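Engineer: Respectively, the protein sequence lines represent chains A and B. Per UniProt numbering: the first sequence = residues 1 to 474. Per UniProt numbering: the second sequence = residues 1 to 245.
Hints are supplied without guarantee of correctness; some may be wrong.
Stated by the list, open to error - Derived Cβ-Cβ restraints for the label pairs, each shown as a range: (1) 242/B - 166/A: 58 to 68 Å; (2) 68/B - 27/A: 34 to 44 Å; (3) 165/A - 205/B: 15 to 25 Å; (4) 53/B - 460/A: 31 to 41 Å; (5) 175/A - 53/B: 49 to 59 Å; (6) 305/A - 105/B: 51 to 61 Å; (7) 53/B - 165/A: 47 to 57 Å; (8) 394/A - 241/B: 26 to 36 Å; (9) 185/A - 230/B: 19 to 29 Å; (10) 90/A - 68/B: 50 to 60 Å; (11) 39/A - 230/B: 15 to 25 Å.
What the hints assert, rightly or not - To give a feel for the contact side, a few chain A residues facing chain B, derived at Cβ under 7 Å: (12) 11; (13) 13; (14) 45; (15) 173; (16) 176; (17) 220; (18) 224; (19) 251; (20) 390; (21) 409.
Unchecked claim - Calculated pairs, SDA-like style, for lysine to any residue (alpha carbon to alpha carbon, straight line, at most 25 Å): (22) 183/B - 39/A; (23) 89/B - 198/A; (24) 89/B - 229/A; (25) 183/B - 229/A; (26) 305/A - 101/B; (27) 396/A - 459/A; (28) 423/A - 127/B; (29) 459/A - 149/B; (30) 378/A - 92/B; (31) 183/B - 44/A; (32) 378/A - 206/B; (33) 203/A - 182/A; (34) 183/B - 402/A; (35) 198/A - 229/A; (36) 406/A - 395/A.
Think of the hints as simulated: they come from the structure by calculation, not from any bench. Treat the numbers as computed from the prediction; the structure is a model and nothing was measured. All C-beta atoms, glycine included, are put in the ideal place defined by N, C-alpha and C.
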Amino acid sequence: MSAGGLHPSQPFPDAARETLADAQMRRNLRHAAGTIREKRLRAVAEVANWEDIRTQGASIKDTVLGNLAEHLLELEASVKRRGGQVHWARDAGEAQRLVADLVAAQGVSEVIKVKSISTDEIELNAALEARGIHATETDLAELIVQLAEDRPSHILVPAIHKNRAEIRELFRHKLGADLLTDDPAVLAEAARVYLREKFLTTKVAISGANFAIADTGTVCIVESEGNGRMCLTLPDVLISVMGIEKVLPSWADIAPFMQLLPRSSTAERMNPYTSFWSGITPGDGPQHFHLILLDNGRTDVLADKVGRETLRCIRCSACLNVCPVYERAGGHAYGSVYPGPIGAILTPQLLQLEDENANSLPWASSLCGACYDACPVKINIPEILIYLRGQITPHKTPNAESIAMKTAAWIFNEPHRFEGAIKLAHTGQGPLVQHGAIRALPGMLGGWTSSRNLPPFPKQSFRELWRRENEGEQ
Amino acid sequence: MQIDLFITCLNDALFPQTGLAMARLLRRLGHTVRFNEAQTCCGQMHFNTGYQAEALPLIRKFVQDFRDAEVIVAPSGSCVAFVRDLYPKAAEWAGDEVLLAQVQELGTRTFELSEFLVKVLGVEDVGASYPHRVTYHPTCHAARLLRVGDAPLKLLQNVRGLSLVELPASDQCCGFGGTFSVKNPETSTAMLADKVANVMSTRAEVCTAGDNSCLMHIGGGLSRLQSGTGVVHLAEILASVEGEG
Ligand code: SF4
């Protein structure tokens, strides 16, 4: 299922308070993130000119974004020339209708799916269900999440928050599989038996796309399990939903991404399965191919000079795996199919900074910068976070924080006000200081002192001490 | 060299001993230091929290206050990173070309203490003595934005009597992040818990860093747990001479 969409149901701090309480999930996440972090560093260190490839990847993406309409029109023409059909979807609703109509036209009530975040973004599975069409996820982790009636918590490893024992129970219960152990091979085999039957009997497959090449009309999917390849070759009809930013000008442009993506995402030198298809080939593979070009807020992101960089993202998930906030709070706290650092900048932008809950996401970061270091296409996530904070704040109604901030700015604008304020703080803190430390602060600062002490203001500020020590010298 | 101290608002108000130590240290190395009392705050807190309109006057004021400085040195990686990295962005986003040129130039004269000592002055042994077991936390902004690298470690390795113990998972953020720790206190606490556990596992007497904001956070956690490990700013260790500390 992996319905999820973009709209968080609550602000990040509230959602995180709930997810942080799940100790099992935190252990699972810490283990998984720690392992993949190490592996990625090793995989990246093997490539001597990694920095150059990053720069190249970023610059290809920027070229595309600088002229997106033209590349998309070229892609449309090339796909059509190769016997495929192209549809444009302005928003999630349009995309859902397009897919559902195409499936319904085949007279079927079942489809198989290749793991795709863009279809999760538009909540496709739920929309299909509403039209009496059942979608089966074929990626192992997506299948786990679907069977558990859960939501994915990671863009690459959707079931990262679950451990083997939990999965064994799930398969026993939902697939009726008689599993003697929770050995990964045994679990995978149970899923394989179940899925094989689906691959062989289902007429329509739905996928996303990692890349699409404008001049040849070629669409590309990169995956690890081979289930994607089955979906892309066995059914009669293939429908691919692709975010409009995924287009690349020509074949040569894909080369750097084939190095950047696998190493950044799964820490592999090369991913096991890479599928390319250009339109249709009579007598081989699906005989009907539909490419749906999804906007869903992307042109608004593109229009913003600073935010635009976000659309370089190739969804490798490296930023999630290095993010200390993601590692603690988990993917569900972000309330969107895009969690972690990329989610914190992409989700609110796709929603035009109009969703109050999504607008809390740019603050869900300590700005430690690990994501920027890891991002294979050099998206300066911390900078965009700060930029978005600055876009959102002025539209908020005045509150305790904004009053405090404005007062502080007024104080900082004059050194004598600043000096006076420090003196006042020293005098005023009296009742708060116990045994040389502040253990509880009132109001919005209370959260801070729930777990840490604060040093009290000293008797004299630096400037006072400096003046005394250096009197006569200056 | 004539050095202008950039003390930062947090250090001025809460940690005056750090600024004094830095001044002492730089004088001991033969430089003259100056403190322009007009300075207050670089505007980082406002800018990073989303109050960019409030930050801009503070940025302009900073440019004014330090316009005659030959070099500007601060005991704070994050404030220096803000001046060097984000002042240009602030100017760009505000569409102010004049300011942009000013801050780009200013950035070339502004340094964090450890990088100034090692990379600018070429000094790795500052003649300090500090007979304690110490662990070092590389702060995110110094490590990732300023790329100070092993400059602080080199300085610490040359301190007499100091035994330096490695901090496990040292590159992990302590969870402070300025107003992040106020707005997301639970997530911040979860990050802090790991940092504090790692510090305690070193059995160091002192955890040091180049930024009192991070140390205030880590120290706050250590103190709440009555861990017995204290926090001391790098400048204070480097300023210590025999018979002190
Ligand atoms: S933002 Fe960068 S690191 Fe994160 S998923 Fe996208 S490409 Fe990967």
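Engineer: Are any of the numbered hints broken by this structure? If so, which, sorted upward?
Structural biologist: 2, 3, 6, 8, 9, 11, 12, 14, 15, 16, 17, 18, 19, 22, 23, 24, 25, 27, 28, 29, 31, 32, 33
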